[in-house]
Structure formats: structure tokens, C-alpha cells
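Those protein sequence lines, which keep their order, are chains A and B.
Following the working numbering, the numbering of the first sequence begins with 1 at its first residue and continues without gaps.
Following the working numbering, the numbering of the second sequence begins with 341 at its first residue and continues without gaps.
Source of the hints: derived by calculation from the structure; they are not laboratory data.
None of these values were measured; they are calculated from a predicted model.
Some hints could be false.
As the list claims (entries may be wrong) - Within a straight-line C-alpha distance of at most 27 Å, the following computed DSSO-like cross-link-like pairs (lysine-lysine) qualify:
| hint | chain 1 | residue 1 | chain 2 | residue 2 |
| --- | --- | --- | --- | --- |
| 1 | B | Lys449 | A | Lys104 |
| 2 | A | Lys27 | A | Lys76 |
| 3 | A | Lys264 | B | Lys433 |
| 4 | B | Lys427 | B | Lys402 |
| 5 | A | Lys7 | A | Lys306 |
| 6 | A | Lys339 | A | Lys104 |
| 7 | A | Lys274 | A | Lys104 |
| 8 | A | Lys339 | B | Lys449 |
| 9 | A | Lys7 | A | Lys156 |
| 10 | B | Lys370 | A | Lys235 |
| 11 | B | Lys424 | B | Lys402 |
| 12 | A | Lys25 | A | Lys76 |
| 13 | B | Lys389 | B | Lys433 |
| 14 | B | Lys389 | A | Lys339 |
| 15 | B | Lys365 | A | Lys235 |
| 16 | A | Lys28 | A | Lys306 |
| 17 | B | Lys389 | B | Lys424 |
| 18 | A | Lys156 | A | Lys264 |
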Amino acid sequence: MFPSYQKAFNPSNIPYDELNKLKEKGKKERLIGILLYIVAATIIVFLMSIGGEFFIGLGVIVLIVAGIFVFFRVTKSNAEYHALFKRTVIGPLAHNIITQAELKQTGSRHEQRISYEPDNKLPKSWLTRSQLFNTSYDDYSGEDYFEGQLGLTEFKFSEVKLTDTETSTDSDGHTTTSTVTVFDGLLFVADFKKDFNGFTVVETCSLGNRKGAAKLIGNVITSLKSSTSLKNAVKVQLENEEFNQTFSVRSNDEIEARYILSSKMIDMLLDFKKSHNYDIAISFSESHMFIAISSRRNFFDEGIVKKNGEYNVETVYEDLVFLFSIIEHFELNNRIWSKQ
Amino acid sequence: MIITIIIVAIIIIYAMSVYNTLVSKRNRIKEALAAIDVYLQNRFDTLTKIAETVVAYATHEKETLNELTRLRQNIENLPLSTDKITKLEEVEKGLRNISIQAEAYPELKANENYLHLQRTINEIEEKLSASRRTYNANVTGFNTYIASVPSNLFANMFKFSAFDLLEIAEEKKKDVDMGSLLRR
Numbered sequence: 001m002f003p004s005y006q007k008a009f010n011p012s013n014i015p016y017d018e019l020n021k022l023k024e025k026g027k028k029e030r031l032i033g034i035l036l037y038i039v040a041a042t043i044i045v046f047l048m049s050i051g052g053e054f055f056i057g058l059g060v061i062v063l064i065v066a067g068i069f070v071f072f073r074v075t076k077s078n079a080e081y082h083a084l085f086k087r088t089v090i091g092p093l094a095h096n097i098i099t100q101a102e103l104k105q106t107g108s109r110h111e112q113r114i115s116y117e118p119d120n121k122l123p124k125s126w127l128t129r130s131q132l133f134n135t136s137y138d139d140y141s142g143e144d145y146f147e148g149q150l151g152l153t154e155f156k157f158s159e160v161k162l163t164d165t166e167t168s169t170d171s172d173g174h175t176t177t178s179t180v181t182v183f184d185g186l187l188f189v190a191d192f193k194k195d196f197n198g199f200t201v202v203e204t205c206s207l208g209n210r211k212g213a214a215k216l217i218g219n220v221i222t223s224l225k226s227s228t229s230l231k232n233a234v235k236v237q238l239e240n241e242e243f244n245q246t247f248s249v250r251s252n253d254e255i256e257a258r259y260i261l262s263s264k265m266i267d268m269l270l271d272f273k274k275s276h277n278y279d280i281a282i283s284f285s286e287s288h289m290f291i292a293i294s295s296r297r298n299f300f301d302e303g304i305v306k307k308n309g310e311y312n313v314e315t316v317y318e319d320l321v322f323l324f325s326i327i328e329h330f331e332l333n334n335r336i337w338s339k340q
Numbered sequence: 341m342i343i344t345i346i347i348v349a350i351i352i353i354y355a356m357s358v359y360n361t362l363v364s365k366r367n368r369i370k371e372a373l374a375a376i377d378v379y380l381q382n383r384f385d386t387l388t389k390i391a392e393t394v395v396a397y398a399t400h401e402k403e404t405l406n407e408l409t410r411l412r413q414n415i416e417n418l419p420l421s422t423d424k425i426t427k428l429e430e431v432e433k434g435l436r437n438i439s440i441q442a443e444a445y446p447e448l449k450a451n452e453n454y455l456h457l458q459r460t461i462n463e464i465e466e467k468l469s470a471s472r473r474t475y476n477a478n479v480t481g482f483n484t485y486i487a488s489v490p491s492n493l494f495a496n497m498f499k500f501s502a503f504d505l506l507e508i509a510e511e512k513k514k515d516v517d518m519g520s521l522l523r524r
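One chain only, chain A, in its complex shape:
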């Protein structure tokens, strides 16, 4: 269905000149920074040798400030390099995968389009609507926001990181603050093929010894338990025993849960679970399907590899195809019901 990596990836898109300029700029920043640091350190050591405590304190402060200055200059030029690469390579790669895809069905309302914003993330409202996350997390960050339509199905996804600040006080009254990661991964949202009003959450229940699974499911379950709307949710047991052992289903409308989780959808969910190693949680809410994929990988940055002067983004291609394939896997373009 999707074009091969060779067809989708066009190396001529890579702006080698601009990237090399940014790379040289980065090298220069690092060199200037190191020289500045050495000069500042030399002056300060000299002053400290002739001066008193005042110069020692001043010296330490100046060294720290100089270090921070150098760090930010270098980080900024790396970020500019990455941002340019992502905008000029990953964006067109995703565009080619989507526009060159061969759909099983076509029609006047079928579209194949995608947009990519490397520095943007899913709007917070989608996290709330998914019913998968505790709304009281302290910080939400993300990047690599994709939005588009494949066939009749609108979709969007981005990397998502939720953190909570926890404060604890020991017996001596000392307070320590720590940042806890509630969720780190990717959230995929697609327009579902059926209309429904309530919500149904499908969680994997076989944790095994995998820390990742325990972390995701633990966080999701904590989130679910503290979510107000789930107070009215009931556990739903379906007819497929393998499905019941693999997933745990909760919904605020038992009939609607079975309407969504038809025999075919049950088989598709089982196949989807078997097709990858990610820890996932799926929900169906407000006529949308949400898939939360837990992974500490930086999906689209780590996939950029350079060997012998040539860029290889095959990992990024595979990640994108895996995500776009969700639409065909769950037959979301099959609109034989009243929702069109």
C-alpha cells in the first residue's frame, strides 16, 4: 500500500549546503566557546592568585556563567541543524508516503494529505479527550506534530511527554522535589468509522516483566482511576477469551463498547498487539480512536543516521509507515455506516 523507502525518500531534498553551514557554525560556536572559557579561566586564575576570597567567588560565578553561555550556544546551533533537517527531509518523506499510498477505495471525498510541524505538539484538549491521561499532570511537552488525511480518515499524532512534580518531606522536615515522568511516547488520534458518544478504554493486561509495560499501564491505570468520568465505567468482558486475557476493557456504556468492539475489531486489536513490541493503551472516545504508544525513543530524531557522508532515514520511514498503517489495519476508511 505505501511506497518503498527508495521511492519515498528523495536525497536531493537534503539541503547539504545549508546543513554544512549550520554544522560549521556549530563547530565555530563550540570553538569560540571553548576559547572564551579558556581565556576567562586564565584571567580568573590569575586574579585569584593575586586577590582574595572575593576573586575566588567571582571566578566561580564567571566560570559557571561562561559554561552556561557556551552550552546554550552549542545547543542552539544543534537544534537549528536538526530543525532544518526535519523540516526539509522528514516533512517531504511523510508527504511522499501519504500521497503515493495506494488506497483500496477511492472516491470524491478521499484525500491524501499531510502537514508536519517539527516544533509543535498535539493540542492538550486531545489528551483530555482520549481519557487515557490524568489531567492533573504538571507539565506537557512534545514535538513532531503530524496532521493529515488518508482516504476518508483524518488523523494526527505527535510525541508526548507528561511529567509530574512530586514533593516529599522527610521526618526532619526537609522537602525534596522530584520530577516524575507520567508518560513518554506518542499519541495517535484518528477519526473512527462509527459515531459514538461515550468512551471505551482498552488496556493491555499482560505485563510480564517488562518495566515499560508496567510503567505505561501503571500510569494509565492511575490516570484512569483518578479520572472523574471513569467513576461510571464498568468492566466489559467480551466473548473472545484470548482478547479478555490480553486486554482489559472498561466503558461507560456496555452496549456502545460492544458496538465498537465487534468480532472483527477484536481480531484486529489482537493482530495489532502481536505486530509490534510497543506498550500501548487504546481508547475510543467522542467518535475518535486514540492509541498511546509508550516508548522512551525519540522517534524522529534518533532515526536520522549519517554513514559515509550519506543520510539514512529508514528508521524514520518505518516509524511513519507503522503509524499510517493503523488506518488500513483497523479499516478506518470502511464507512458503511451513517458516519461518512
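Add chain B to chain A, keeping to what the hints say.
This is chain B only, laid out in the frame that chain A set:
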């Protein structure tokens, strides 16, 4: 003496818990049955609209449609039960036979209103299937609970009895002879 009181209190509390659980399970069964009734009504209405659309082309079916509508009105007054559901499905069989006549009229099959009604039927069928599955799941849960020890003791005491599952009629288990249906 105190031990006896404690034991009796525990039994009473347990009996109350079993009773409340049985009432809750029974209400979920009734809720599922009511949902089936609603979706059957919706399906009947939509099938009637499809049949009316077909009758505009196949005028010889008009009398059959009128008869089916009269039968349906008689059934609507029956109390909600699995028997009522079975009777409604029988009447619907007639509506479906009329609807299949649409195969002979290509211009009807391309009609936007007809297509919308077909999609609505698909949706209602799936919701009906979900309602039946929910009903059967709740009935199975209830029947298992009243048959299990020790809740069965209290279930008999409170006169809770098993429900019947919704089963597929024998003729629906057979393959559909589309050829003979279309030749009608």
C-alpha cells in the same frame, strides 16, 4: 452468644449483598433488553422506509407492506419480552423480502436517500448485535451467579430465576438462498 450474633449478622449482611447484586444484574439485563427493543423499533422504521422507497418502483408489493405495517402495530402493544422480539423479527422478514426487490432497479440503488437508509440499517444492525451480545453476557453472568454456591441459596430464597439467552432462530442458521429471494 456474642459469636452467634456475629455469625447471624455476617449472614444477614452477606444476604443483603447478594440481593443487591442480583437486583443490579437483573436491571442490567432489563436495560439491555430495552435497548434491543429500541433498536428493533429503529430497524423496523428504517426497513419500512426502505420498503416504501422500493414500493414506489415495485407497486405490486404495496399491499404486502400495508399488511406488515398492521402486524407491527399489533406487536407494539405487547409487553417487552424475548417473545415480542421474536415476533418483531418475523415481521421484519417480510420487509426485507420487499427491500431485496431493489436489486431489480439500478436507479433506485444509486438513489442517495436509499444509500443513506442502507447505511443506517448497517449501523442499527451492529447496534442490535451489540445489544444482543450485552444481553446475553449479562444473562450469562446472572445465571452463573444464581447457580453458584453460596449465592444460589439466597437466590432461591429471594425467588430469582434464570433468564433465557437470546438465540438465533433455526432458519437463520441456514445459508441464505439469494437466488430464490431475488426471483420473487
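Hints, one by one, checked against the model:
At most 27 Å may separate the alpha-carbon atoms for a hinted pair to count; Lys449 (chain B) and Lys104 (chain A) meet this at roughly 22 Å. Distance restraint check for Lys27 (chain A) and Lys76 (chain A): the Cα-Cα separation of roughly 12 Å lies within the 27 Å cut-off, and the hinted pair is therefore satisfied. For the proposed pair Lys264 (chain A) and Lys433 (chain B), the alpha carbon gap of about 26 Å is at most 27 Å, so the pair holds. In summary, the hint linking Lys427 (chain B) to Lys402 (chain B) is supported, as the alpha carbons are separated by about 21 Å, within the 27 Å threshold.
For the hint linking Lys7 (chain A) to Lys306 (chain A), the alpha-carbon distance of about 19 Å falls within 27 Å, and the restraint holds. For the hint pairing Lys339 (chain A) with Lys104 (chain A), the CA-to-CA distance comes to about 19 Å; that is within 27 Å, so the pair holds. A threshold of 27 Å between alpha carbons decides the hint, and for Lys274 (chain A) with Lys104 (chain A) the separation of about 24 Å falls inside it, so the pair holds. Restraint check for Lys339 (chain A) and Lys449 (chain B): satisfied, since their Cα atoms lie roughly 19 Å apart, inside the 27 Å limit.
Taking the CA atoms of Lys7 (chain A) and Lys156 (chain A), the gap is about 23 Å. The hint holds against a cut of 27 Å. With a CA separation close to 18 Å, the supplied pair Lys370 (chain B) and Lys235 (chain A) stays within the 27 Å bound. Between the alpha carbons of Lys424 (chain B) and Lys402 (chain B) the distance comes to roughly 25 Å, so the proposed pair stays at or under 27 Å and holds. A C-alpha spacing of about 11 Å is found between Lys25 (chain A) and Lys76 (chain A), which places the hinted pair at or below 27 Å, so the restraint holds.
Restraint check for Lys389 (chain B) and Lys433 (chain B): satisfied, since their Cα atoms lie roughly 14 Å apart, inside the 27 Å limit. Between Lys389 (chain B) and Lys339 (chain A) the alpha-carbon distance is near 19 Å, which keeps this suggested pair within the 27 Å criterion. Restraint check for Lys365 (chain B) and Lys235 (chain A): satisfied, since their Cα atoms lie roughly 13 Å apart, inside the 27 Å limit. With a CA separation close to 21 Å, the supplied pair Lys28 (chain A) and Lys306 (chain A) stays within the 27 Å bound.
A C-alpha spacing of about 22 Å is found between Lys389 (chain B) and Lys424 (chain B), which places the hinted pair at or below 27 Å, so the restraint holds. At roughly 24 Å between alpha-carbon atoms, Lys156 (chain A) and Lys264 (chain A) fall within 27 Å of each other, so this suggested pair holds.
Violated hints: none; the structure is consistent with every hint.
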